[in-house]
Each structure stands twice: as C-alpha cells, then as structure tokens.
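A.B. asks: Listed here are the chains, written in short residue letters.
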Amino acid sequence: MRVTVGKGSCGIAAGASEIWERLRAGLRESGIDCAVAVTGCIGMCYLEPVVNIEDGAETLTFVKVDAGAADEILKRLRGEENDAARYAIRPEDVRLLHSQRRIALRNCGVIDPECIDEYIAREGYAAIETCVRSLTPEAVIEEIKTSGLSGRGGAGFPTWFKWDAARRSPGGPKYIICNADEGDPGAFMDRAVIEGDPHAVIEGMMIAAYAVGSGEGIVYVRAEYPLAIVRLEHALKQARERGLLGDSLFGSGFGFDIRIKAGAGAFVCGEETALIASLEGERGMPRLKPPFPAQKGYRGKPSNINNVETYANVPWILRNGGAAFAAMGTEHSKGTKVFALTGKIAKGGLIEVPMGKTIREIVSGEGGGIKDGKAFKAVQMGGPSGGCIPEALADTQIDYRSLAATGAIMGSGGMVVMDESTCMVDMARFFLDFTCKESCGKCPHCRIGTRRMLEILERVCAGEGREGDIELLEELAGQIRDGSLCQLGMTAPNPVLTTLRYFRHEYEDHIRHKRCTARQCKPLLTYAIDGEKCTGCTLCARQCPGRAITGQVRKPHEIDMSKCVKCGKCADVCRFDAVEVN
Amino acid sequence: MGCGCAERRELSGPALDTALLEPYLAEYKDSEAKGGLIAILQKAQDIYGYLPEELLTYIARRVGVKPAKVMGVVTFYTQFRLKPAGKHLVLLCQGTACHVNGSAEIEGAVRDALGAEEGEITGNGLFTYTNVACLGCCSLSPVMMIGDKTYGGLTKDKAAAILKDIEREETSG
Ligand SMILES: Cc1cc2nc3c(=O)[nH]c(=O)nc-3n(C[C@H](O)[C@H](O)[C@H](O)COP(=O)(O)O)c2cc1C
Ligand code: FES
Numbered sequence: 000m001r002v003t004v005g006k007g008s009c010g011i012a013a014g015a016s017e018i019w020e021r022l023r024a025g026l027r028e029s030g031i032d033c034a035v036a037v038t039g040c041i042g043m044c045y046l047e048p049v050v051n052i053e054d055g056a057e058t059l060t061f062v063k064v065d066a067g068a069a070d071e072i073l074k075r076l077r078g079e080e081n082d083a084a085r086y087a088i089r090p091e092d093v094r095l096l097h098s099q100r101r102i103a104l105r106n107c108g109v110i111d112p113e114c115i116d117e118y119i120a121r122e123g124y125a126a127i128e129t130c131v132r133s134l135t136p137e138a139v140i141e142e143i144k145t146s147g148l149s150g151r152g153g154a155g156f157p158t159w160f161k162w163d164a165a166r167r168s169p170g171g172p173k174y175i176i177c178n179a180d181e182g183d184p185g186a187f188m189d190r191a192v193i194e195g196d197p198h199a200v201i202e203g204m205m206i207a208a209y210a211v212g213s214g215e216g217i218v219y220v221r222a223e224y225p226l227a228i229v230r231l232e233h234a235l236k237q238a239r240e241r242g243l244l245g246d247s248l249f250g251s252g253f254g255f256d257i258r259i260k261a262g263a264g265a266f267v268c269g270e271e272t273a274l275i276a277s278l279e280g281e282r283g284m285p286r287l288k289p290p291f292p293a294q295k296g297y298r299g300k301p302s303n304i305n306n307v308e309t310y311a312n313v314p315w316i317l318r319n320g321g322a323a324f325a326a327m328g329t330e331h332s333k334g335t336k337v338f339a340l341t342g343k344i345a346k347g348g349l350i351e352v353p354m355g356k357t358i359r360e361i362v363s364g365e366g367g368g369i370k371d372g373k374a375f376k377a378v379q380m381g382g383p384s385g386g387c388i389p390e391a392l393a394d395t396q397i398d399y400r401s402l403a404a405t406g407a408i409m410g411s412g413g414m415v416v417m418d419e420s421t422c423m424v425d426m427a428r429f430f431l432d433f434t435c436k437e438s439c440g441k442c443p444h445c446r447i448g449t450r451r452m453l454e455i456l457e458r459v460c461a462g463e464g465r466e467g468d469i470e471l472l473e474e475l476a477g478q479i480r481d482g483s484l485c486q487l488g489m490t491a492p493n494p495v496l497t498t499l500r501y502f503r504h505e506y507e508d509h510i511r512h513k514r515c516t517a518r519q520c521k522p523l524l525t526y527a528i529d530g531e532k533c534t535g536c537t538l539c540a541r542q543c544p545g546r547a548i549t550g551q552v553r554k555p556h557e558i559d560m561s562k563c564v565k566c567g568k569c570a571d572v573c574r575f576d577a578v579e580v581n
Numbered sequence: 000m001g002c003g004c005a006e007r008r009e010l011s012g013p014a015l016d017t018a019l020l021e022p023y024l025a026e027y028k029d030s031e032a033k034g035g036l037i038a039i040l041q042k043a044q045d046i047y048g049y050l051p052e053e054l055l056t057y058i059a060r061r062v063g064v065k066p067a068k069v070m071g072v073v074t075f076y077t078q079f080r081l082k083p084a085g086k087h088l089v090l091l092c093q094g095t096a097c098h099v100n101g102s103a104e105i106e107g108a109v110r111d112a113l114g115a116e117e118g119e120i121t122g123n124g125l126f127t128y129t130n131v132a133c134l135g136c137c138s139l140s141p142v143m144m145i146g147d148k149t150y151g152g153l154t155k156d157k158a159a160a161i162l163k164d165i166e167r168e169e170t171s172g
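These protein sequence lines map, in sequence, to chains F and B.
So the first sequence is numbered by numbering that gives the first Met the number 0: it starts at 0 and just counts up by one.
So the second sequence is numbered by numbering that gives the first Met the number 0: it starts at 0 and just counts up by one.
There could be a bad hint or two in this list.
Said to hold, decoys possible - Per label pair, the in silico range of CB-to-CB distance: (1) B/E21 with F/R541: 53 to 59 Å; (2) B/I46 with F/E457: 38 to 44 Å; (3) B/E26 with F/G245: 54 to 60 Å; (4) F/A138 with B/E26: 38 to 44 Å; (5) F/D571 with B/K148: 37 to 43 Å; (6) B/E21 with F/R85: 45 to 51 Å; (7) F/G372 with B/E26: 54 to 60 Å; (8) F/A323 with B/A103: 43 to 49 Å; (9) B/G122 with F/E557: 35 to 41 Å; (10) F/K513 with B/A103: 50 to 56 Å; (11) B/G122 with F/R100: 52 to 58 Å; (12) F/S16 with B/G122: 28 to 34 Å; (13) F/R85 with B/T129: 19 to 25 Å; (14) F/H331 with B/A103: 38 to 44 Å.
Please keep in mind that the hints were generated in silico from the structure rather than gathered at the bench.
This structure is a prediction, so every number in the text was calculated from the model and none was measured.
Backbone N, C-alpha and C fix where the C-beta goes; we use that ideal spot for every residue, glycine too.
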C-alpha cells in the first residue's frame, strides 16, 4: 500500500505540504509502515489538495483534503471507523480524467518525480536505449516525421524538420536546448510537466541529441518556477548517477549531459533567438532569421530548440511508434495537446486531449462550464500573440489551422475563459500593456507603436475615447505587424484586432456612449445608493476617499457624483447591497 | 576619451564583502565568463539582496566587460534590482488568468495593507511588492508568491490577512 499527495506548485499553494506532513506524522505515530509519496500535478487544480491511497490494483482518490479530511484518511488507514468517503472524488470528476488522452502528461500526478525508479518502472529510458542500441539517427528522425509531431511552444513547426536541419548542418559542437521559459501568462503546462515528470523531458532531449548528434543540452527555465528547477536538478543528478547521462551511454560512443539555466524575467526570451542571446549572457533581443538556430544557434553553432511539452511527447512516440501518435488528432494537427483551463471556468486545471475537439466541448466538458452559472462570452488563446474567440465560434475545432482562421493561434495551449463580466476593451488594453512592457525595444514599430496603441486603449477605458480611435488602432496594428522583426511585435496587435473583429460594439459603447456593459471600466461607472436598502450605517461615508457620501446616521445616504472619484469602495464595503453600480 | 564608463571605480560606501562572490566568479572563468554573466548577477543578488552600482562595476572588471554592458543586462531583465528590497519580496501576479479574476483589486488591497507603492520598501523594512506576469498557478488565480510560498484563491481580505500574519510573526519573534 502507498499513499500519495499531489505536490506540484498548485497543490502546495492549496496546502498540500501541510497535508503531507500531517499524514506522515499520523502514520508514524500509529506505527504503520506506509510510505507517503509525493507526486506532481494530476491537473485537477480545482480539487487540490489531492490524496491517493494505492492498494494493489485499486486506487482511492480523496480531494480538497484539509486537516480534518487528512485525519479521516488516517483513521481509514488504521482500519478505524471513519468518514473519509465524504472526501472521495466524485464519479463525474473521475470520468473527466478518463476522457482525456494523456501522452505528455502520462506520468504527471502518477509517479514520484523525485524517484527515477518510478519513471523507469513505467518504461522510462527504454526509448533512448532502443534508439542508441538499434536505431540510426536518421531512423529516429523518420519516426518523428511519421508521428506528425509539431512544436508545442507556439508556432507548431514540424519537429522532425528542425532535427533534420540541425543534423545536416555542418560544424559542431551541436546543442540541444529546451525552452522552459513559458512566458504566456495563463499557461502552466510546462511547469507541470517538469515538476511532475522531469525525466520525460530529459529523455526527450536525449533522443533529440542522439538524432541531431549533440553532446550537450541546456534547459532554459524561467525564474518564477523555483520548484521546477529543484525537481529538474534532482532528476539530472539521479540520471547521472545511473549512467543515463554522461560520457558513454548504454556502452556506445554516444555521450550527453544537460545543464540548467535560470531565466531572469523577460517574456521575449521565450523567442528562440532571444533565448540564445540570453544564454550567451546578453540582453535577450531577437535577431533576424535566417540563419535559423539549426544553422547558427548557441555560440554560433547548430542548435535545436524545442518546447518542454514537445520533448515530453518524444519518448512515447519512440516507444509506441509514430503511427500511433499520428492516429490521434486531425488531418493537419496530429496527436494530443495539453491545455491550461483558467479564468472564469468551473474546473480549472490542465487537461490533455486529442487535437480536433471543439472549444465548446472542452469548456463545457473537461472545464465543467462557466463559474457561478454565468454566461460564456469568449476564450482567449495564444496569450499576448493570440486572440479572443467569441462564444459564437466555440464550435471551432482545436487545431492549428482552424484556430488561425479565427485570428487567434494555438500558442502554448493556454485557454483563459471569460464570462459576461469581462470587458473586451479592457482585455485588449491588458495585453497591449503587457507587450508594451515586454517589447525589447529593438524595432521602433513595436517599441513605440504598442505604446501608442496602449495610450488609445487606456483613453477609451477611461471614458475619453474619440471618434476615429478604432480606425487609428487598426492603422497602427497594420504598421506594427509589418514593421517588427520578431513574432512578439508582429503578433502584438492580435488581441486588439480580434476583439475589434468580434466585439466592435463594445468599443463603440465605450467611445460613443461612455458605457462599459461588463462593468469593468471604473471611470465609466456611476454609483447610487438605494434608499430602500441603505440602513445608514455610515460605513461607506467613512471609507469614501472623496468625501462624496453624505447622510445622517440610520438614515439613507446619498452620493454626490460631482465629488465621486469612482473608486468603487462604497460598493465593496456595503453589507446591505445598497450601492447600485451602473 | 570615450564615455568614461570603463573608468575603474572602486567600491565605495559601506564596503561589500566581494569575497562572497569569489566562488562564482571563479566558476565562470575565461570563455565562460561572458555567458555566465547573468548567473553571476543572479548569485550576487542572492547574496547582497540587490545590485548596487559599485558591485556592477566590480563584476564588470572581473568578468572583463564594460560596466555599460553589465548595466545593459541588469536593466533588461525584471529580476534584477538596483535598489534594496524589503525582507519579504511579494510577487503579485498580473497575468491573464489573474487579471480576469480581479488581480487589480488585489493589488489595491496589498498596496493599502503595506502602505507602500510597487517597488518601495515598507516603513518597517519587511516588504517590497512587485507585479509579475504569471506565476504558473493560474488555475488558483488570483495568486501571489512570498519567498518560495504561493498563495492562491486570493480575495482582498485574504491577501491583507496573509501580509498581517507575516508581519505579526516578524515583530513578535
Ligand atoms: C515573443 C515570443 C515568446 C515565446 N515564448 C515561448 C515560450 O515561452 N516557450 C516556448 O516553448 N516557446 C516560445 N516561443 C516560441 C519559440 O520561439 C520557439 O518557436 C519554440 O521554443 C520552438 O519549440 P517547438 O518547436 O517545440 O515549439 C516564443 C516565441 C515568441 C515570438
Ligand atoms: S496568470 Fe496568475 S498565475 Fe498565471
């Protein structure tokens, strides 16, 4: 028997460490010899902390485990009467887990990421051994070609093509780089994979190294992921101790090792040429391609860069055959994809499904629909380079081409779901604020153009929009797209263009009628006190920074709109729901 | 002539113990030194809490690049600080998921609770808060991180209470 606690960053934030300690201490006290193991994130973040009891072939799962629940689980383990069943996972949630097709996430939440034996027990490092012992590098690349695997980092470029190009490039040493910069705010699959199954990424990189002919690998991890760095370091150490990394692997002439480089906080460093500049100790500024990294990459040598999820798929493909991977998905987008469901979604977390499902199937299926029974308005995909897809297009199939046709992109797989209370103009402003801050400054169109767009959007959100603003935004968008060197600038206008395409009326409402129907843009709101509901408790009047609220104790109060600074404090503090916001 | 930025300024003011940095400078000797610049700066910030200008000049000299170059790198990456920070660094997520779930309001609550603006040290020297783009715990949004600990599902009250708890622990202990 074994007990496991999901301890990814998300589980820990939900209190998993305390539960783990409590279970361990409880078992020790009762003298029960049962390990309490750590696993990564199973993806059901809305149910964290999650505890499993594995007994033979049977696994019992308990969710939202707090201290009280942990005590019931302990009673159960001691064979005493208990109430643990109350915390058992519900059948519908089990179904959601089983309806997925987990390839990249195959071990996440299942194995202990700090124990290499558990990875090996699930056929870990078998694929690289087969490659080294019985496949030529060309055959490995051929298998990846058959699988149809394309890059999961955003652009969706065929993986085999990049490997082949790096293999054919003259010169050396060659480098294998893993892009774990995961800059798209709202996506966290790369973190979950490294935290939950670091050896899968290592093995994927080893296979790439064997195919390309490289002896050195580097993982570029963003600084905000301290736990991922710790788990990866630990995994690398274990792999080295087993002789799985080092000079001569499986008794062959092939040697490979990996080191970690922590990023220092710059979104643009996720772009491959900027990432290379950063690895070289420079400011992370993208450069013109070609030459591509496969020709001239790190230290001017041929380099192959792939995303974390891309590498994590590789060992599975080599073990099960490229055709098995290609059997899933659509004609042009093969295999499965991990999505991060966040925002106003009921069941937020990570899921992995075959390409080709529709947005609606995911949002109402795996996502459990919209939080608090509100109306589904849009989903943002592709982060700052992507766009907002409206509910009306929710039957769009998720594959690279169909998404691009909506004006959004697949990106890294972040799906931020929005409901009726999300203002689309504010979302556009939010993304432009992001790209404007993250522009490296090399191209004037990107550096200055995004700022001009942001200024207009800020004005519109502040109720100072003017006729002609929409057209000006469109003009600037075209110029930024055409005048920027890297994808950061070229795609920066996308959030504005897609919201203009699908939610133009919201822009017009803001500009012409000074109205924000989602009630997000505070300067456009008006506040009034409902005399019927107001008890005259004076709380709002005391909190009002503009002293705009007057009235006598125990009598209805009033707001003087000429003094109101529209901070919204009165509505926040009112305990009687008496402040009306319009 | 030139811009003068290659001028060798010695460490002034309250002298920093540069010996602490020695192992890392040694690790990135020769051809590796330039590529290791970011790693050296990260170590330096770990040790000293921030990167004073004199230290940057010192590192530039040791690594063999111009101080302007070091400054260029430091100002490019958001992780690096030229000014000291409070004992606890509060990273407040303003990523997409957190934004949709009201992170702007949380910032207001944090600002009020600390009585300091972004990047400033609170009067008691305990806290500095900064906005970041995503902490990778988006499904628990809104989220903040203090030290290595992540706090999810924040409300204005919860955020303020977490800060007060830390403050109480610090002042009573
Ligand atoms: C502004 C910008 C940011 C990017 N950020 C990331 C990132 O965080 N992670 C990632 O894997 N790819 C990112 N990319 C894509 C990379 O440039 C590159 O295409 C990718 O790492 C290649 O790996 P893949 O083929 O496995 O997808 C970004 C691209 C741009 C233009
Ligand atoms: S958007 Fe806040 S943690 Fe990702």
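A.B. asks: All hints, please: hold or fail.
C.D. replies: Verification of the hints:
1. B/E21 with F/R541: 53 to 59 Å: Taking Cβ atoms as reference, B/E21 and F/R541 lie about 57 Å apart, which means the hint holds.
2. B/I46 with F/E457: 38 to 44 Å: Check passed, 40 Å falls within 38 to 44 Å.
3. B/E26 with F/G245: 54 to 60 Å: violated (20 Å)
4. F/A138 with B/E26: 38 to 44 Å: holds (39 Å)
5. F/D571 with B/K148: 37 to 43 Å: violated (27 Å)
6. B/E21 with F/R85: 45 to 51 Å: violated (58 Å)
7. F/G372 with B/E26: 54 to 60 Å: holds (57 Å)
8. F/A323 with B/A103: 43 to 49 Å: holds (46 Å)
9. B/G122 with F/E557: 35 to 41 Å: holds (37 Å)
10. F/K513 with B/A103: 50 to 56 Å: Distance hint for F/K513, B/A103 is violated at roughly 20 Å.
11. B/G122 with F/R100: 52 to 58 Å: holds (54 Å)
12. F/S16 with B/G122: 28 to 34 Å: holds (32 Å)
13. F/R85 with B/T129: 19 to 25 Å: The hinted range 19 to 25 Å is violated for F/R85 and B/T129, with Cβ atoms some 41 Å apart.
14. F/H331 with B/A103: 38 to 44 Å: Since the Cβ atoms of F/H331 and B/A103 sit about 39 Å apart, the hinted range of 38 to 44 Å holds.
In summary, the numbered hints that this structure violates are 3, 5, 6, 10 and 13.
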